[in-house]
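J.: Go ahead and model the full structure; you've got the sequences and the hints to work with.
Top line first, the protein sequences correspond to chains P and B.
The first sequence begins at 150 in the working numbering and counts up by one.
The second sequence begins at 150 in the working numbering and counts up by one.
Keep in mind the hints are simulated off the structure, nothing from the lab.
Each hint should be verified, as a subset may be incorrect.
Since the list gives no way to pick one copy over another, a pair counts as held whenever it fits inside one copy or between any two copies.
No farther apart than 30 Å at their CA atoms in a straight line, the calculated lysine-lysine pairs in the DSS-like style are these [stated by the list, open to error]:
#, residue 1, residue 2
1, K235, K343
2, K250, K235
3, K345, K247
4, K428, K250
5, K345, K235
Every value quoted in this text rests on a predicted model; they were computed, and no experiment measured them.
2 protein chains.
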Amino acid sequence: MPNSNSNNAVCRIIVDAMGGDFAPLNVLLGAAEAASGNPSLNLFLTGPKDLLSKIITEKNILLNTDCIIDSSQVIGMDEHPASAIKSKPDSSIVVGVKKVKSGEADAFVSAGNTGAVMAASTLFMGRIKGVSRPTIGALMPNLAGVCMLYDVGSNVDAKPKNLFEWAVMASIFVSEIYGINNPTVGLLSVGEEKEKGNAIVLEAHELLHNSNLNFIGNVEGRDILKGSANIIVCDGFTGNIVLKFGESVLSFLKTKFKDFAQKSFTNKLKIGLVKGAMKEILSDFDSEAQGGVPLLGVNGISIIGHGSSSPLAIKNMILRAQEMHSKNLVQKIAASVNSHLLNKNLES
Amino acid sequence: MPNSNSNNAVCRIIVDAMGGDFAPLNVLLGAAEAASGNPSLNLFLTGPKDLLSKIITEKNILLNTDCIIDSSQVIGMDEHPASAIKSKPDSSIVVGVKKVKSGEADAFVSAGNTGAVMAASTLFMGRIKGVSRPTIGALMPNLAGVCMLYDVGSNVDAKPKNLFEWAVMASIFVSEIYGINNPTVGLLSVGEEKEKGNAIVLEAHELLHNSNLNFIGNVEGRDILKGSANIIVCDGFTGNIVLKFGESVLSFLKTKFKDFAQKSFTNKLKIGLVKGAMKEILSDFDSEAQGGVPLLGVNGISIIGHGSSSPLAIKNMILRAQEMHSKNLVQKIAASVNSHLLNKNLES
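T.: Printed below as a string of C-alpha cells:
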C-alpha cells in the first residue's frame, strides 16, 4: 500500500489525443515514447477511436488501440472554454477529466485549449479545500536555476489571498519536483521596498511576510531573468503578459539575426559560424521545448502543455504527471494549504 | 510671434546638473554638446554653483558658468519622491521645475530621481485640464518602427480613464515627434478578443473603441517586440514590470554568451568573431543609449532620463525638450485632451 510520501502503485494517465496544434500525431508519438519500458504507467487516450486507431496502425506507433477511450468531439484551440466544455460533453478533454474525477484514472494530460482544460479540471475535479483559485505557472528562463512564475493567465483579476495560496502550492511543487528545499518566494512589484506596488501587492506582501514560506520580499521585472527567487507570484494579467513578452524574445532575435545576415556576405558568414551557438544560448527562451505544467489547486493531477508541443514535450508531460502521482503531490499540496490556513486562523 | 503650430523663439531649458548616476560630469558634457552651434537654445543648469564651476573649469567644458542657477540641495536617486521634494526646496530638481512654473524657463530636463521629477513637475507645473494622471512612457525595442509603452511606472493603480487619457496624449506625442500620422493604439491584455482582460482593460477598451483615436484593439505581451502598435497602453504596474523585464534581456544574454565562450577555446573564437554583430543586434535592448522621455500631462515640458544617462543621452534629452517647445507640444496635447473630453461629453 502506498504511504503518504510515495505511491508505487501503477499510475493510470489519460492523455488528450486531440490536444495541440499537431494532434493527434505528436500526442500519439509522445505517448508511445512515455509508455516504452515504463511498466508502472497505464496509459489511456481520449479521442475518436477510428481516427486514432488508423493513425496508430498506419504509422506503426507502439500503442495498443485498446487503450483508446472513444470520444467523438474535439474542442478547438480557440473555442471559448466555458461554453466549449458545456456544449461538448463527449470531447476528448471532458471525457478525460471526468475519468480522473470518477477515480478511474490518476491524471489527465493535454496540450489542447488551455482555458478549456483549466475550466474542465476545476469544474469536474473540484478545488482543494482552502484554494479559492487554481493556478498555472511557467518555468522562466533565468541565470540562477529554477524560477517559476505564478499565475500566468488563469486569474486576471486576482485577490491578495490568491497570490498567497499560489505561493503555498508552488512551494510544495518546486520543492518536490526540483528538489529545492524551502524554495524562495518573491512578490513581483515595481520596487523592492515593501511600500512599493499596487493595492493587491501591498496586501499580498503582508500575507506572505506573516507566513512561514521562504518569502524574500518584493522582486522587480528584472529579477525574473536573474532568477532572484525560485517562485515569483503575481496576478494572472501581469504574469500572462510577462510570459508572452518573454516568449517573443526568441523570434525577435531570430528576425534581427536574419536581417543582419542579409546585409552582407561577411555578415552571413559570421552568423553561419555561430548559428549552433546561438541556438544553444537562446534555447532558454524556447517555450516549445518545455513540457507542460500542472494546474495547481485542483483535486487531481491535470497537466497542461503548449499548443505546439512536440512528441518529446508530450512525453515529458506524461512523465511529470506520473512523478506527481508517485510523490502524492496533490495530497501534499492539500496538507500544506490546510496547515497555512490553520496557521492564519490561529493568528487572526 | 509664434503661431500655434511652431514656436521659433529661443528656448530656455533648465538642466538638472545633479541628476543621474554620473552627475554632474555626464550632464555638463551633454549640456555642452547640446548647446554647441545651437543659437536658439538658452541653457541653464541647476546645482551647487561652486562645484559645477570647478568641474567646468577643470575639464574645460564649453559652458558659461553664468548659466548656473545655484541650488544647494541634491535629491538622491533612492529618496522617497514626495518627502524629498518637500524637505529639499533648494534641490536642483525643485528649483529647476519652479523656473518653468514661473515662466522663466520653457522646459526642465533631468536624469535624476524619476519619482521626484514626476512629483515636482506635477505639483509645481500642474496638470493639463482634463488629465487626471500624468504619464511617462518608454520606447520599446521592436521589429516594426516606433512602439511606445504607456504607462511605465508612475501609476500603479490606474483607472480605465487614465489609460484613455494616456492614449490621447501619446498619440499627439508620437505623431509630432516621430512623424507618424494617426499612430495606432493598442491596449495591452491577455488576448486579442475584446472580452479578454482584467476589469480595467475591459472598461478602457470601451473608451478607446468609442474614441476617434486609431485604436486597433487589444494586443498581447508578444505584440510589444513585434511592434504591433505605435502606442501600447497599460496600467503603470504592468508597464513597469514589462519595461524592466525587457531591459534585463540584454544582461541575461551577455551572461549567457560569456558562459558559452568560457566553455571552450572554439566557443571563445566564435563569440569573438560575432561580438560586434551581437552588439549591433542587441543594441535595441540597451536602454542606456536612449535619451529621456517627457512626462505627458503636466502644464510644461519635463523630460526624464535614465539614471545611467551618457552625455549623448543628456544631449538628446535637451534636444527633445527643444523640439517639444518649438512644436508647441504641450499646447497641442492640451487641445487634443480638450477635444476628446468634449466629444465624450457630447456622446454621453
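J.: Out of the numbered hints, which ones does the structure contradict?
T.: 4
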